[in-house]
Amino acid sequence: MTNSKGYRRGTRHMFQRKFRKHGVIPLSTYMKVYKKGDRVDIKGNGAVQKGMPHKCYHGRTGIVYNVTQHAVGVIVNKRVKGRILAKRINVRVEHVKHSRCRQDFLDRVAENERKKKEAKEKGQIIHCKRQPAQPHPEHFVRTKYNKIVVLEPIPYEFIA
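Quick note, the working numbering runs 381 ahead of the 1-based positions in the sequence shown.
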């Protein structure tokens with residue numbers, strides 16, 4: 382039998398509900414507020430067929446550009462052959478959730494602003510750039526209780 386060409390081909394596990402998560406969708410899904418510029422993660426919910434994204438957008442992160450009563454418009458990057466296109470898709474709110482991809486960045490910005498404010502009050506200069514992990518500081522290794530162990534290879538023995 383040849384490979385089928387259906388719209389939802391190969392989504393047997395992609396759109397299925399998680400273990401013990403079947404049934405009515407929680408109301409908190411519908412109470413979330415989406416605004417233009419928000420980053421959202423697209424994840425198709427198999428319980429709602431209306432407004433479901435195509436499987437190629439499943440797991441992608443996009444930016445909200447339009448908000449309607451039951452859906453949001455999202456700009457998502459899609460790779461087509463050798464180039465990346467910014468696609469605009471409309472997805473119902475059951476299939477999107479707020480992304481946490483920028484949360485670490487926003488926390489770091491808030492922390493840096495707080496540090497700058499404190500440094501300005503004290504009249505100090507502070508560096509906010511991230512630094513890679515530095516090497517450990519130098520120290521003496523004492524051999525009083527640590528006996529020196531010499532590592533050497535075992536001589537090869539030919540067994541005939």
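One thing to keep in mind: the hints can contain errors.
Derived lysine-lysine pairs resembling BS3-like cross-links, with alpha carbons at most 30 Å apart [as the list claims (entries may be wrong)]: (1) K468 <-> K497; (2) K497 <-> K478; (3) K478 <-> K459; (4) K416 <-> K431; (5) K525 <-> K510; (6) K501 <-> K416; (7) K478 <-> K399; (8) K402 <-> K478; (9) K436 <-> K399; (10) K413 <-> K478; (11) K478 <-> K503.
Just the calculated beta-carbon pair ranges, DEER-fashion [said to hold, decoys possible]: (12) K431 <-> R469: 11 to 21 Å; (13) V405 <-> C509: 25 to 35 Å; (14) A491 <-> I535: 53 to 63 Å; (15) R464 <-> G504: 32 to 42 Å; (16) Q397 <-> H520: 16 to 26 Å; (17) K386 <-> C509: 19 to 29 Å; (18) H451 <-> E502: 46 to 56 Å.
No lab work stands behind these hints: they were computed from the structure. Given the structure is predicted, the values throughout are model-derived calculations rather than measurements. Note that the Cβ used here is the ideal one computed from N, Cα and C, for glycine as well.
Numbered hints the structure breaks, given as an ascending list: 1, 2, 5, 6, 11, 13, 15, 16, 17
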